[in-house]
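Fit chain B to the given chain R structure using the hints.
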Amino acid sequence: MTVAEAVRDLLAVSTDIRQVIVVDHGAVLGAAPGGDDGAADAPGRDDVRVVAAVDGLWQMAALTARLESAADGGAHLEGVTDCGANLEHVVVDLDDATLIVLEAGGRHIVALTAPDPALGLALFDLRTCLADAFPDESAAGEPV
Amino acid sequence: MRLRSVVLAGLAVAATAAAVVARRRRRPSPPAPAVLLGLTDGSTVRLAAGEPSVADLRARASEARAALEAVR
Numbered sequence: 001m002t003v004a005e006a007v008r009d010l011l012a013v014s015t016d017i018r019q020v021i022v023v024d025h026g027a028v029l030g031a032a033p034g035g036d037d038g039a040a041d042a043p044g045r046d047d048v049r050v051v052a053a054v055d056g057l058w059q060m061a062a063l064t065a066r067l068e069s070a071a072d073g074g075a076h077l078e079g080v081t082d083c084g085a086n087l088e089h090v091v092v093d094l095d096d097a098t099l100i101v102l103e104a105g106g107r108h109i110v111a112l113t114a115p116d117p118a119l120g121l122a123l124f125d126l127r128t129c130l131a132d133a134f135p136d137e138s139a140a141g142e143p144v
Numbered sequence: 001m002r003l004r005s006v007v008l009a010g011l012a013v014a015a016t017a018a019a020v021v022a023r024r025r026r027r028p029s030p031p032a033p034a035v036l037l038g039l040t041d042g043s044t045v046r047l048a049a050g051e052p053s054v055a056d057l058r059a060r061a062s063e064a065r066a067a068l069e070a071v072r
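Residue numbers (this note's numbering), protein chains in the order written: chain R, 1 to 144; chain B, 1 to 72.
Treat each hint with caution, since some may be false.
What the hints assert, rightly or not - Pair ranges (Cβ atoms, derived): (1) Arg46(B) <-> Arg49(R): 23 to 33 Å; (2) Ala70(R) <-> Ala14(B): 24 to 34 Å; (3) Pro115(R) <-> Thr44(B): 11 to 21 Å; (4) Thr44(B) <-> Thr128(R): 18 to 28 Å; (5) Arg23(B) <-> His25(R): 49 to 59 Å; (6) Val6(B) <-> Thr128(R): 57 to 67 Å; (7) Met1(R) <-> Ala17(B): 49 to 59 Å; (8) Asp116(R) <-> Thr16(B): 32 to 42 Å; (9) Val7(B) <-> Ala71(R): 50 to 60 Å.
These are calculated hints, taken from the structure and not from any lab test.
Note that CB positions come from ideal geometry on N, CA and C, so glycine has one too.
Extracted from the complex, chain R is given alone in its bound form (with noise of 0.2 Å):
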């Protein structure tokens, strides 16, 4: 399955997600708008702007994350190397949408969803289309 056809499947199963695009390694890799029937487009030119928004909110989320786990007694802060190592997800809401970023094998997936979605099964779709796409990868690097 490529991840265009992936990012498909998610917006047919998924009654929350309005839009949706992958991000791998500073690219965008398969993005679909809301209400285009899924239809996944090739990266176009606002590709370098959404990659540079999505690793602003996502660097800043993880010294959150740190931060917070800091106050917490720190023990969140064993084994991180770097800013985003311990940092799965973020769940941003934007009173008229949510906005989820999801990070899993140094790709990241992010949506933008309905107010107030039902956020396990949002974060169990998305993190099921990014192994849909990379299938290999995702075999290879879940834990048993």
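Only chain B this time, still in chain R's reference frame:
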């Protein structure tokens, strides 16, 4: 007389239970976090609106949203 006492005691218990249930129903549920950070160890950090860094995180998220919506 004894039966009357038992009935009254039962009514009192029922009234107390109803009051407790009603109070619990009136109690507002905790507000949803403005930002939720999920960590790789399964724990989460919940940040309510007004907490330090939430405004910055929301501003960056809005920026990411605008960029996301521009991608076609």
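Consistency of the hints with the structure:
Between Arg46(B) and Arg49(R), the C-beta spacing of about 29 Å keeps the proposed range 23 to 33 Å intact. In this structure the hint that Ala70(R) and Ala14(B) lie 24 to 34 Å apart at CB is violated, the actual value being about 51 Å. For Pro115(R) paired with Thr44(B), a C-beta distance near 19 Å keeps the hint of 11 to 21 Å intact. As the Cβ distance of Thr44(B) to Thr128(R) is approximately 20 Å, the hint placing it in 18 to 28 Å holds.
Under the hint 49 to 59 Å, the C-beta atoms of Arg23(B) and His25(R), about 54 Å apart, fit the expected range. For the hinted restraint 57 to 67 Å between Val6(B) and Thr128(R), the CB-CB distance of approximately 59 Å keeps it satisfied. With their beta carbons about 55 Å apart, Met1(R) and Ala17(B) fall inside the hinted range of 49 to 59 Å. In this structure the hint that Asp116(R) and Thr16(B) lie 32 to 42 Å apart at CB holds, the actual value being about 35 Å.
The beta-carbon spacing between Val7(B) and Ala71(R), approximately 56 Å, falls within the hinted interval of 50 to 60 Å.
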